[in-house]
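Line order of the protein sequences matches chains A and B. No gaps in the numbering here: position 214 of the first sequence is 326 in our numbering, and each next residue is one more. No gaps in the numbering here: position 252 of the second sequence is 256 in our numbering, and each next residue is one more.
Wrong hints could be hidden among the right ones.
[Unchecked claim] So, partial list: chain B residues that the calculated Cβ filter (under 8 Å) puts toward chain A:
id : residue
1  : Ala77
2  : Arg79
3  : Asp87
4  : Val89
5  : Trp93
6  : Pro103
7  : Ile222
Derived by calculation from the structure, the hints in this document are not laboratory data. Because the structure is a prediction, the values reported are computed rather than measured. Quick reminder that beta carbons are idealized off the backbone N, C-alpha and C, glycines included.
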Amino acid sequence: MTTAPVAVQPIPRGTLAGRVGRRALDWVPALVVLVLVFLIWQESIAVFHIKKFLAPQPTAIASTFWTNRHELISAGWFTFQEALGGFAIGCGLALVVALVLARWRGVGRALMPYMIAANAIPIIAFAPIMNAWFDPFSKGSKMAIAAVLCFFPVLVNTLRGLTSVRPQSIELMRSYAAGELETFRRVRIPTALPFIFTSLKIATVLAMIGAIVGEYFGGAFTALGVLIDSRSTTFQFKEAWAGIGVACAYGIAFYLALALLERLTLRGVPSTDD
Amino acid sequence: MSVVEIKDVGKTFEGGTTALEGIELAIGEREFVSLIGPSGCGKSTLLRIVGDLIRPTAGTVRVNGKPAPQARADRDYGIVFQDAVLYDWRTVARNISLPLELARWNRRRRTGRVQEMLRLVELGGFESHYPWQLSGGMQQRVSIARALSFDPALLLMDEPFGALDEMTRERMNLELLRIWEASGSTIVFVTHSIAEAVFLSTRVVVMSPRPGRISDVIEIDLQQPRTAATREEPRFFELVTRVREALHLGSDLDRKLAAPAAEAQP
Numbered sequence: 113m114t115t116a117p118v119a120v121q122p123i124p125r126g127t128l129a130g131r132v133g134r135r136a137l138d139w140v141p142a143l144v145v146l147v148l149v150f151l152i153w154q155e156s157i158a159v160f161h162i163k164k165f166l167a168p169q170p171t172a173i174a175s176t177f178w179t180n181r182h183e184l185i186s187a188g189w190f191t192f193q194e195a196l197g198g199f200a201i202g203c204g205l206a207l208v209v210a211l212v213l214a215r216w217r218g219v220g221r222a223l224m225p226y227m228i229a230a231n232a233i234p235i236i237a238f239a240p241i242m243n244a245w246f247d248p249f250s251k252g253s254k255m256a257i258a259a260v261l262c263f264f265p266v267l268v269n270t271l272r273g274l275t276s277v278r279p280q281s282i283e284l285m286r287s288y289a290a291g292e293l294e295t296f297r298r299v300r301i302p303t304a305l306p307f308i309f310t311s312l313k314i315a316t317v318l319a320m321i322g323a324i325v326g327e328y329f330g331g332a333f334t335a336l337g338v339l340i341d342s343r344s345t346t347f348q349f350k351e352a353w354a355g356i357g358v359a360c361a362y363g364i365a366f367y368l369a370l371a372l373l374e375r376l377t378l379r380g381v382p383s384t385d386d
Numbered sequence: 005m006s007v008v009e010i011k012d013v014g015k016t017f018e019g020g021t022t023a024l025e026g027i028e029l030a031i032g033e034r035e036f037v038s039l040i041g042p043s044g045c046g047k048s049t050l051l052r053i054v055g056d057l058i059r060p061t062a063g064t065v066r067v068n069g070k071p072a073p074q075a076r077a078d079r080d081y082g083i084v085f086q087d088a089v090l091y092d093w094r095t096v097a098r099n100i101s102l103p104l105e106l107a108r109w110n111r112r113r114r115t116g117r118v119q120e121m122l123r124l125v126e127l128g129g130f131e132s133h134y135p136w137q138l139s140g141g142m143q144q145r146v147s148i149a150r151a152l153s154f155d156p157a158l159l160l161m162d163e164p165f166g167a168l169d170e171m172t173r174e175r176m177n178l179e180l181l182r183i184w185e186a187s188g189s190t191i192v193f194v195t196h197s198i199a200e201a202v203f204l205s206t207r208v209v210v211m212s213p214r215p216g217r218i219s220d221v222i223e224i225d226l227q228q229p230r231t232a233a234t235r236e237e238p239r240f241f242e243l244v245t246r247v248r249e250a251l252h253l254g255s256d257l258d259r260k261l262a263a264p265a266a267e268a269q270p
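Here chain B stands alone, though its shape is the one from the complex (with noise of 0.2 Å):
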């Protein structure tokens, strides 16, 4: 059964504009899939619509085969933006324990839960610290904790390290592949990077802008597990050429670009 299914999703703002259409996407379990495309090829709006943040103006979204909605009311996934999002009045594990609170979890189980998540993105021993005594990788690997504290079968995550450094953003890179490895979850990622998306995925979806749908979809079969010198294979470079020639074939820019040069050749 595939984790989350869209079929034939569009959708079109209220002033008139269509962020996507017809988008087709079967997502199976244990998978980690990315969406990549320039700005403005409706990828992260189409990640909202898998969460149910907003809702589609043109087909069905399911999660667990269930529609998107309850999916959402049952708390399926667990989602991850940008900016980590943590509550600056909370500590570290209260924070990881916000989503446990809201489901009615008692105390005692909490607190082995928190334990739990703070070891899984090695923070221990931070958990009394406040989000802003934390650097910008720690308060993210606490927003992933939170995300996966009440063990959801989908993780969203929406560029969640696009506001760090090359460096920690490498090292939260194989730190998420260990922790998808250790939660058996199923992971959709929203990138601008492609090397981002290649390293981490099991597939690259690729999209471009209006409107923004599918252009194609890209298999990684590199070797599981991924450690940092996967990133200087020669199947990686491979991979990530492939990636980035679709990305260039599905911008209406770089056609126009292309197009006169074509023409001056004999």
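This is chain A alone, in the form it adopts within the complex (with noise of 0.2 Å):
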């Protein structure tokens, strides 16, 4: 028999750059969706007079980033380096979880009904009490209820993600005589690992609020969310408004950093997010 001709795709090997240029050019109807809120935002202030410390204008927003753009970047640092410790904390804790209830179904039903309870926590209450545990003004509070944050997500993609294995390739991999170890390492991972990314995205963003939600309730004075509290309460809105832009800008970055990584870590799989 000779190999028959069929309909082959090229393995999609683009260039880092080449990629990046094609999703630069996906991105255009987005930017001018953001251009036309600016504009639309800027003018109707002036048109409808509202006054300016209730909603300033883009442009004012801009340039008070600008002159205090060293205490705000260095206030975003201070508070994503909280962010970041906290979704280290809680994504590891819940995908060591995750590996457990997998392997263990048992325990499973034993600790599912707690962990639901565990996420149903308003954590706008949780922040208090974890700044009265841990010293309010150390990143060690805020890492915490970034920590409960990002834990569940994680916990149920991942979960989910080990759990939903062809019973087929498990019947292959004990025709192999391979043991658990190595049917979790060559199977239910790496068919867990889009599920895993997936919460991980999420887990990036919820840490960022975990961390200026905590900072609310009490922080150190270099904090990103003490700066956007105490300039709010002072009315000075524009200083306010710069400091939710530079929150939002790090939550972006972390979850394009992750987004990377997943790109690279899944090469060969296909993409169903795009």
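Assembling the complex is the task here: the two chains are given apart, and the hints tell you how they should meet.
Rendered as structure tokens:
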């Protein structure tokens, strides 16, 4: 028999730059929307005579950012470190727990109700408690809040991924006399990776939110949440908005870093998210 | 020595359904045995019992003279399912080398064997492709290459071509016979297709349902090696008819359908 001619797709092996270029083009519609929103925002404040301290114009926020850029960026960096720490603790713990629960289902049945209950904790109420447990001026108290927030989505998605393996894939490993550890390493974990990355991307944003919410209930004066809080209570709304902008920028950068890591890790897997 | 020795095997599932009862079968070296029967006759269950993927509730199975669990631990058989069950995140080459990695072969030996297997299934040049870049027939060839990579004495195949179109299926049949010839392995093959069973096998085991048991064993004396022309020989059609009749004899529904007609005759 000869090999039949079939339509075989070439392996997508563009350079990274090439891919980014293609994706840059995809961003054009979103950029148009952004520019339009800023334009309408800018103009409507002038046209409708909205009080400037309530909703400052984008240009005013931008210039405020520029004059305070050193303070804002370093405050953002401080908060980002808290978020990153909480992200690492929360996600790390979630991954370990998910592995345990996937291996020993009985443990899962015993623990899962409490995991779900833990997820129902309103983080706003939880933040002051964490500040009381740990030093409110330390990064640790904010990391704890961020960790709690990251934990659940990563746990649920990882567990889902680890257990959504086709039964025949497991039978196949059994036929190779592969042990439980090998099956996890070579089948369950690779199957779970796309699920894990999805949840890690969610967790990046949650970690930033957790850190900033924590800072609202007291934190170091060098923290971004404290800065936004103090500026808005003293009616310095331009400064508060600039702070929010910086928080967003850190959050987006964090998310994109994870998305890039996902791209590099799952090179061979057909992408489902774009 | 028999490669597979099945003695008085029965399987009753937890709900009380008897899937298999009193199965006796011995399969010799280099045989190609097909298990054929309607859905629910337990042919896939029997295959899984031989592979120690499930345990029988009665009787014994020996593979290569060893109890089935020992044979599985010794990697005495390769298995191919209806779906190719390739790992999406591994290239063709890395899929084929997976059982070799598990058997702790070193990299150089693995690479050599993967190349050999790719030649055997005529997929040279596709080693860096990912499974989703291949057609269904090509995926199944990778799956066969993987099952044969560690040179098992026995190849278990559970409706491997069931999901393929008729044209591809006939081509894969010829391909499989060539591989069987070249690899020298013994094959147990589960199928729904009478023509496929007759064309491929040295023996066809006909099974009937509720409870699953062997109702007939038919020797296929078609000349080896078989070619596309084999399908047009009168003997091929005779054997197809024999298997079909054996299948219908074993089926309750057919007996019921046949009964009133028989009564109506004077």
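For each hint, the structure was consulted:
At its closest, the beta carbon of alanine 77 of chain B sits 5 Å from a beta carbon of chain A; the interface hint therefore holds under the 8 Å criterion. A least Cβ separation of about 6 Å between arginine 79 of chain B and chain A falls short of the 8 Å threshold, and the interface hint therefore holds. Because the closest C-beta pair between aspartate 87 of chain B and chain A is about 6 Å apart, less than 8 Å, the hint holds. Look at valine 89 of chain B: its Cβ gets to within about 5 Å of chain A, closer than 8 Å, so that hint holds up.
Below 8 Å, beta-carbon pairs count as interface contacts, and tryptophan 93 of chain B has one with chain A at about 5 Å; its hint therefore holds. With 8 Å as the threshold, the beta carbon of proline 103 of chain B comes within range of chain A, its nearest partner Cβ sitting at about 5 Å, so the hint holds. Restraint check, isoleucine 222 of chain B versus chain A: the minimum CB separation of about 27 Å is more than 8 Å; hint violated.
Hint compliance for this structure: hint 7 alone is broken.
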